[in-house]
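Participant: Chain by chain, the residues:
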Amino acid sequence: MLSFNLLIVVALGYVAFLFAIAFAAERQAANGSKAWLRSPLVYTLSLSIYCTAWTFYGAVGYAARSGLEYLTIYLGPTVVVIGWWWVVRKLVRIGRAQRITSIADLISSRFGKSTALGVLVTIIAVAAATPYLALQLQSVTLSFAVFASAPGHDWGASELNGAALWVAAGLAIFTIIFGTRNLDANERHYGVVMAIAFEAVVKLFALLAVGVFVVWGVAGGPGDMVKMIDASPIALWDQNGARWAGLTFLSGAALLCLPRMFQVLVVENADESHLATASWAFPLYLLAMSLFVVPIAVAGLALLPPGSNPDLFVLTVPLSQGQGGLAILSFLGGFSSATSMVIVATIALSTMVSNHIVVPLWLQSRSQGAMMSGDVRAVVLLARRLSIVGVLGLGYLYYRVSGGGAALAAIGLISFTGVVQILPAMLGGIFWRGATRWGAAAGLITGTAIWVWSLFLPSFGPDVVIPAQVLAHGPWGLGWLRPQALFGISGLDPVVHAVLWSMLLNATAFMMGSIVTFPTPLERLQGAQIVNVFEHSPGARAWAQSAAEAEDLLIMAQRILGPAEAQAIFQREALEQGKAGYLPDVTPGFVDLLERELAGSVGAATAHAMIGQLIEGASVSVEDLIRVADEAAQIMEYSSRLEAKSAEQERTARALREANAKLTALSVQKDAFLSQISHELRTPMTSIRSFSEILRDGDMTPSVQAKYAGIIHDEALRLTRLLDDLLDLSVLENGQVTLNRQTGQLRELLDRAQGAAGLRAGGLTIRRRKGDETLVLTTDLDRLTQVFINLIANAQKYCDAPRPELRIVVGRARGEVVVDFIDNGEGIGSEHQQVIFEKFSRLTDHGKAGGAGLGLAICREIMARLGGSIAYLPGQGGAAFRVSLPAAAAMAAE
Amino acid sequence: MAKRVLLIEDEPNIIEAISFILSRDGWTVHTQSDGVTALDRVRALPPDLVILDVMLPGKSGFDILREMRADATTAAMPVLMLTARGQERDRDLALKLGVTRFMTKPFSNAEVLEAVRTMAGG
Chain Y
1 MLSFNLLIVV
11 ALGYVAFLFA
21 IAFAAERQAA
31 NGSKAWLRSP
41 LVYTLSLSIY
51 CTAWTFYGAV
61 GYAARSGLEY
71 LTIYLGPTVV
81 VIGWWWVVRK
91 LVRIGRAQRI
101 TSIADLISSR
111 FGKSTALGVL
121 VTIIAVAAAT
131 PYLALQLQSV
141 TLSFAVFASA
151 PGHDWGASEL
161 NGAALWVAAG
171 LAIFTIIFGT
181 RNLDANERHY
191 GVVMAIAFEA
201 VVKLFALLAV
211 GVFVVWGVAG
221 GPGDMVKMID
231 ASPIALWDQN
241 GARWAGLTFL
251 SGAALLCLPR
261 MFQVLVVENA
271 DESHLATASW
281 AFPLYLLAMS
291 LFVVPIAVAG
301 LALLPPGSNP
311 DLFVLTVPLS
321 QGQGGLAILS
331 FLGGFSSATS
341 MVIVATIALS
351 TMVSNHIVVP
361 LWLQSRSQGA
371 MMSGDVRAVV
381 LLARRLSIVG
391 VLGLGYLYYR
401 VSGGGAALAA
411 IGLISFTGVV
421 QILPAMLGGI
431 FWRGATRWGA
441 AAGLITGTAI
451 WVWSLFLPSF
461 GPDVVIPAQV
471 LAHGPWGLGW
481 LRPQALFGIS
491 GLDPVVHAVL
501 WSMLLNATAF
511 MMGSIVTFPT
521 PLERLQGAQI
531 VNVFEHSPGA
541 RAWAQSAAEA
551 EDLLIMAQRI
561 LGPAEAQAIF
571 QREALEQGKA
581 GYLPDVTPGF
591 VDLLERELAG
601 SVGAATAHAM
611 IGQLIEGASV
621 SVEDLIRVAD
631 EAAQIMEYSS
641 RLEAKSAEQE
651 RTARALREAN
661 AKLTALSVQK
671 DAFLSQISHE
681 LRTPMTSIRS
691 FSEILRDGDM
701 TPSVQAKYAG
711 IIHDEALRLT
721 RLLDDLLDLS
731 VLENGQVTLN
741 RQTGQLRELL
751 DRAQGAAGLR
761 AGGLTIRRRK
771 GDETLVLTTD
781 LDRLTQVFIN
791 LIANAQKYCD
801 APRPELRIVV
811 GRARGEVVVD
821 FIDNGEGIGS
831 EHQQVIFEKF
841 SRLTDHGKAG
851 GAGLGLAICR
861 EIMARLGGSI
871 AYLPGQGGAA
881 FRVSLPAAAA
891 MAAE
Chain R
1001 MAKRVLLIED
1011 EPNIIEAISF
1021 ILSRDGWTVH
1031 TQSDGVTALD
1041 RVRALPPDLV
1051 ILDVMLPGKS
1061 GFDILREMRA
1071 DATTAAMPVL
1081 MLTARGQERD
1091 RDLALKLGVT
1101 RFMTKPFSNA
1111 EVLEAVRTMA
1121 GG
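In order, the protein sequence lines correspond to chains Y and R.
For the first sequence, the numbering used here begins at 1 and goes up steadily by one.
For the second sequence, the numbering used here begins at 1001 and goes up steadily by one.
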């Protein structure tokens, strides 16, 4: 007999292995080689989280109790997946186009980015998933108990509860580690997907192994097996047609509506074409999973004493035959089924809870809204982690309250019925333009209320929540409200009864509500984009021309997406518009794009609200609505062609405008340049001439004499400096400079620059992270140091904070080494950001600055010679400059 | 009583030099560095003569001159304009605006003194 300790060791070893797989996949994804991670095979295997412990253990129990009816649970999804072209493909396309993060996000996004609907769907999903999570905990705990009871004593309630708590805690840790490592813009979790794909293989292999053992090891071959089945009571059960139809519908609908299935099917989908593979491979997987269910059930009924729990036959049959190894394999299969489901379900639910409940509340509690300082990402991640613990806690609570008594299959069906209440709103939303958010809310509330009353609450058993009296005669004696015989129709199976009434009334309320209410403009827009997702993916825009400042948008985006990601998006857009730098024109198209990027992290409703705070009511114009109207379809097609052309022209025009502005500015500057040079040279010269004449005239005290001689000396130095700078600049501009390439450490360069910048005591404080500066550079070190000195000296001169501070941050962005110099002053307005690198551009009084305004122009020339660049980095709070060096110039210190 | 000169100039060393030369010659020298408030200063305490730089923070010397000439109380006030840009265009503009005398930096101390004496006397 197996020792229980061995089982624990095997289970822990298996978990450690899963950690290793997830880590390896994450690492591979981080290194950019995602080809294997995104294969159709992995996608199909990840769909197998549909087969939970319920399927693994419960299907056999189901077959033992109700014969072939268990097949309905496979039939529904098979139909849906084979018919992927009609529904699943559309969901995936919408998910991609709208950056959908969860099923709640889909409903919210479709119905005008409604926060309330997001909350509603989230609550339904959590309520429906709770029994299911409890079920997984129960099955893992029971399977432990099977092994623990073998040595001689059975597990009591406290041991079962303890084990369930440990399992829940372990799963929470795994999910937090791999589900919330980062706030991925696409919400993809490569590590998790890889781990569950592996678990899919384990559970299939385990079930097949047990099946093969039963057929060939116990029965002695297929022929004998068939005889054994014929002899078994399973063959006698006749099937109930209503239940078959009802359950097939239920399981098919659940495949679309279950948050965890939506997560793997839509959110984690990397490529639409994977659906084609999954459409045949997934039904095959289901078939393989169901192949040996009947033989195992029959063998269990025949071999084990009457009264044994049929839900555990998969374990107990091999154990009773002394096949310890096989039993362990089978245990791992069940363990895989349960854990993979719990992990994905928890990720999906926690995303919904954090995006639709926690973050909106948090944002609302801050009066400044989207523009305050601080990183939203930290809040979102924390919200997710807490949600994960909360969701698993609820599952555990349900497990404790329900006492783990009901049969596995029954709990699964309760859960399914709850979650399919989302189906009318979802299907209506993606196929019917007329659906409105009031209709969706009415349907969701009606259906859910019926589900709670007729199935969920009675599931705890008579007298736990609903008194037996009410179950039998209805509340206050109202017979037509009896939970399991609504409107006086009794005699139906409770599940079929609940599905029938909830779906019927849900769909009716949804349609009536949609017909009698009027959609808001944003709803119409979203409705058109979602229903017609295949016709016009670029779509109409939700934002009209707006007055938002690109820099404000950048600040907000950085806080949600992180600085690197946000800057990349802004830079790409600016480049596409034909502009340099990080601040594109705020076109409606760009705002739309940005909103979708944000929606990928925090959900559509929150993203819309945050953008709305900056754009201020510029949403949806009349023209946008005209585009949405059905009648205008032809105009739209024509105009979209025109639009494509005019977008091209717009881009060219913008580039030309920018070039023209630059040229005009240049010619004005060229003129100004000569006056400037004249002015800059003559001013010190004036003092020198005047004071030397005064000194020549004599007749003054030695101290005054010394003072005037000092002024002459200082002005002569100023003149020399200016001439040096001018010469330096002209040499650099003409490309006559010879670079003196050397190799040195970035940290030493910065040390040198800091020392040479002439910092006054009590003036500028410099903050550096020397650990990040261990880069070895091969370039003209003196020239690079000159740039650093200039930037530090500028911060010293211009930073106007009461306690001036300069942060020097070293990082990498798109293959380049970047050194950012960020002070805490007022920064430079966007209208000046273009000109500060021009010669003689000084934003303050020249008296105060004490330079001729050539420093940054020289820096720019130097960086160009070194093959890098220097740019103003907007949106950092203070003035910020980014020095970029080609990666070729740098190598890591190791 | 000593005659008063208002020196509108922002470069500290040049202020010091001109103040020294004129004070030594018996003038009372007031100085003003900011272009924006320069006109108020002229009106508040009308000097006998104004020395005006062209490139001033906030407001150019040309603008100040134009406004002085447009205002009856200052229209006739002698103005000596000093500029470090020294282009022909600047001189023409200054003359058109009604400057009394125009000089390019760097100047000779003696010339400035002579100009100031002539302008205030005549």
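It is worth saying that the hints were derived from the structure and are not from the lab.
Treat the hints loosely; a few may be bogus.
Unchecked claim - The calculated DSS-like cross-link candidates involving lysine-lysine, where the alpha carbons are at most 30 Å apart (straight line), are:
1) Lys797/Y / Lys1003/R
2) Lys579/Y / Lys662/Y
3) Lys1003/R / Lys670/Y
4) Lys662/Y / Lys1003/R
5) Lys797/Y / Lys1096/R
6) Lys770/Y / Lys662/Y
7) Lys1059/R / Lys1003/R
8) Lys645/Y / Lys90/Y
9) Lys1096/R / Lys707/Y
What the hints assert, rightly or not - Sample of chain R residues lacking proximity to chain Y, with all beta carbon distances greater than 12 Å (derived):
10) Arg1089
11) Ser1108
12) Asn1109
Said to hold, decoys possible - Ranges of calculated distance between the beta carbons of each label pair, as one might list FRET restraints:
13) Glu1114/R / Ala659/Y: 22 to 30 Å
14) Ser1060/R / Leu663/Y: 20 to 28 Å
15) Ala655/Y / Gln1087/R: 49 to 57 Å
16) Ala655/Y / Ala1110/R: 51 to 59 Å
17) Asp800/Y / Arg1066/R: 31 to 39 Å
18) Arg1066/R / Arg741/Y: 50 to 58 Å
19) Ser646/Y / Arg1089/R: 49 to 57 Å
20) Ala644/Y / Arg1066/R: 46 to 54 Å
21) Gln1087/R / Leu666/Y: 14 to 22 Å
22) Asp800/Y / Ala1110/R: 37 to 45 Å
As the structure is a computational prediction, the values presented were derived from the model and not from experiment.
Ideal Cβ placement from N, Cα and C applies to all residues, glycine included.
Participant: Against the structure, test the hints numbered earlier, and report the numbers of the ones violated in rising order.
Facilitator: 1, 3, 4, 5, 6, 9, 10, 11, 12, 13, 15 and 19
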